[in-house]
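Enquirer: Residues per chain are reported as follows:
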Amino acid sequence: MRQVTVLASAVDSSVELVTRACRGDMGAFEDLYRQHVGRVYGLCLRMTGQPESAEDLTQDTFVSAWRSLPGYEGRSSFSTWLHRIAVNAVLAKRRSPQGRNEVSMTDEIGEQMDFEAESTMDEATPIDIERAIAALPPGARDIVVLHGIYGYSHEEAAAMLGVAVGTCKAQLHRARHLMRGRMGSEART
Amino acid sequence: MNTIPFGPRNEPDPLLAKAAELPKDVAPARDLWPSIAARIAGEPQQARSRSFGWPAALAAGFLVASVSALLTWGLMRDTDPAQPPPVVIAERVGTAIVPVSYGPNSGLTSKEIVARDDLLARFQERFTELKPETREAIQKNLAIIQAAANEIDAALAKDPASGMLKSLLVGAYKQELQLYSTVVTSSDGFTRRT
Numbered sequence: 004m005r006q007v008t009v010l011a012s013a014v015d016s017s018v019e020l021v022t023r024a025c026r027g028d029m030g031a032f033e034d035l036y037r038q039h040v041g042r043v044y045g046l047c048l049r050m051t052g053q054p055e056s057a058e059d060l061t062q063d064t065f066v067s068a069w070r071s072l073p074g075y076e077g078r079s080s081f082s083t084w085l086h087r088i089a090v091n092a093v094l095a096k097r098r099s100p101q102g103r104n105e106v107s108m109t110d111e112i113g114e115q116m117d118f119e120a121e122s123t124m125d126e127a128t129p130i131d132i133e134r135a136i137a138a139l140p141p142g143a144r145d146i147v148v149l150h151g152i153y154g155y156s157h158e159e160a161a162a163m164l165g166v167a168v169g170t171c172k173a174q175l176h177r178a179r180h181l182m183r184g185r186m187g188s189e190a191r192t
Numbered sequence: 480m481n482t483i484p485f486g487p488r489n490e491p492d493p494l495l496a497k498a499a500e501l502p503k504d505v506a507p508a509r510d511l512w513p514s515i516a517a518r519i520a521g522e523p524q525q526a527r528s529r530s531f532g533w534p535a536a537l538a539a540g541f542l543v544a545s546v547s548a549l550l551t552w553g554l555m556r557d558t559d560p561a562q563p564p565p566v567v568i569a570e571r572v573g574t575a576i577v578p579v580s581y582g583p584n585s586g587l588t589s590k591e592i593v594a595r596d597d598l599l600a601r602f603q604e605r606f607t608e609l610k611p612e613t614r615e616a617i618q619k620n621l622a623i624i625q626a627a628a629n630e631i632d633a634a635l636a637k638d639p640a641s642g643m644l645k646s647l648l649v650g651a652y653k654q655e656l657q658l659y660s661t662v663v664t665s666s667d668g669f670t671r672r673t
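Chains as they are written, first to last, in our numbering: chain G, 4 to 192; chain X, 480 to 673.
Misleading hints may appear alongside valid ones.
[Stated by the list, open to error] DSSO-like, lysine-lysine: derived pairs with alpha carbons at most 30 Å apart:
| no. | chain 1 | residue 1 | chain 2 | residue 2 |
| --- | --- | --- | --- | --- |
| 1 | X | K610 | X | K653 |
| 2 | G | K172 | X | K497 |
| 3 | G | K172 | X | K653 |
[Unchecked claim] Reference excerpt, derived from the structure (chain X facing chain G, CB under 8 Å, subset only):
| no. | residue |
| --- | --- |
| 4 | L501 |
| 5 | K503 |
| 6 | P507 |
| 7 | A516 |
| 8 | L598 |
| 9 | L599 |
| 10 | K645 |
In short, the hints are calculated from the structure, not lab data.
Just so it is clear, CB atoms sit at the ideal spot from N, CA and C, and this is done for glycine as well.
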């Protein structure tokens with residue numbers, strides 16, 4: 004019961020902060036930033052595998068959110084709304100000439116195998132799951148991050164990524180296969 | 480056990496279960512707020528009362544599709560002197576073409592714009608050979624696509640996460656390419672056969 008009360012209180016607080024930020028209250032927006040930066044940065048970092056890019060994209064996400072706050076109608080949670088902006092920012096960067104130098108394009112059907120991410124995540128990170136995800140090709144990695152880590156449904160993840168639900172499922176299948184191979188080979192070494 | 484079950488749909492996947500246990504929050508190495516605050520300081524938010532929204536963007540997308548389809552039909556059909564062209568021209572028609580300008584929220588990449596400009600160069604070679612009424616129709620179509628791109632871009636500024644708005648924007652971009660491509664590949668509507 005106490006957990007429910009705490010959760011409701013947090014939601015109310017977030018709604019109030021969003022309302023104030025919509026009116027141009029930068030202090031309220033900073034509080035929202037403090038509440039959500041970890042999840043936004045985590046999402047960007049896991050989708051890009053590049054801490055510097057993730058920082059830039061996190062900044063872009065919050066700047067874009069600030070500009071667009073008056074258009075936020077509360078149809079989804081503020082956190083989900085921020086995540087959608089962040090995913091769009093990551094995908095736009097990946098399509099840019101600069102982004103293409105860093106990673107290959109997300110393919111539609113998951114056949115592309117030319118990408119081999121060398122994650123710059125902290126080497127102290129347990130080698131298992133986090134690094135296996137970072138080594139995935141972008142399309143497969145995206146769905147593991149959104150669906151596997153952040154808990155979005157295939158439908159929600161597909162909408163965020165601008166692909167068909169079937170593509171998401173195929174990418175997840177492929178990701179599991181690749182991760183199994185990678186983790187299996189590392190376990191043998 | 481070194482295998483991941485792919486069979487039964489509802490069987491829990493140990494890898495995904497592990498992924499779900501990872502921390503959702505990751506703290507950046509430095510505080511990003513000062514940079515964000517500097518960027519948004521003094522920057523006005525989009526006005527809530529701005530008239531552009533979903534209905535306008537959807538209408539714009541539909542109009543682009545309809546009118547461009549009409550143009551394509553007009554270019555591709557055999558010329559019938561008894562029938563007026565789909566868009567009637569009343570004034571002198573120039574040969575200047577202003578390609579569609581996509582706004583800052585479009586997300587179009589420089590590669591996509593370069594691809595458009597390559598096609599535009601070939602289109603412009605043929606444009607001057609078109610009949611005046613065809614040129615006018617094309618210019619009107621481009622103006623419609625431009626208006627649609629403006630409205631969708633404004634709607635995207637309000638809702639930058641909207642996948643549907645981005646699809647509409649890409650649709651406008653594709654209509655522009657389709658328009659150029661139709662002219663480049665068509666043998667109709669020219670003042671002289673090439």
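Enquirer: Less than 8 Å between beta-carbons is the criterion; does P507 (chain X) satisfy it with respect to chain G?
Expert: With a minimum Cβ separation of about 5 Å from chain G (threshold 8 Å), the hint on P507 (chain X) holds.
Enquirer: Are the Cα positions of K610 (chain X) and K653 (chain X) separated by 30 Å at most?
Expert: 24 Å, holds
Enquirer: Have a go at the A516 (chain X) hint: is there a Cβ in chain G nearer than 8 Å to its own Cβ?
Expert: 7 Å, holds
Enquirer: Holds or violated: is the Cβ of L599 (chain X) closer than 8 Å to a Cβ in chain G?
Expert: Constraint on L599 (chain X) not satisfied, violated at 20 Å.
Enquirer: Taking the least C-beta to C-beta distance, is K503 (chain X) closer than 8 Å to chain G?
Expert: Nearest chain G Cβ about 5 Å off; hint holds.
Enquirer: Does the structure keep K172 (chain G) and K653 (chain X) at a Cα separation of 30 Å or less?
Expert: 28 Å, holds
Enquirer: With a cut-off of 8 Å, does the beta carbon of L501 (chain X) approach a beta carbon of chain G closely enough for the hint to hold?
Expert: 5 Å, holds
Enquirer: Take the C-alpha atoms of K172 (chain G) and K497 (chain X), compute the straight-line distance between them, and say whether it is at most 30 Å.
Expert: Holds, at roughly 18 Å.
Enquirer: Given K645 (chain X) as an interface hint, is its Cβ closer than 8 Å to any Cβ of chain G?
Expert: 7 Å, holds
Enquirer: Against chain G, is L598 (chain X) within 8 Å by beta-carbon distance?
Expert: Because about 19 Å separates L598 (chain X) from the closest Cβ in chain G, which is outside the 8 Å limit, the hint is violated.
Hints 8, 9 from the list above are not met by this structure, while the remaining hints are.
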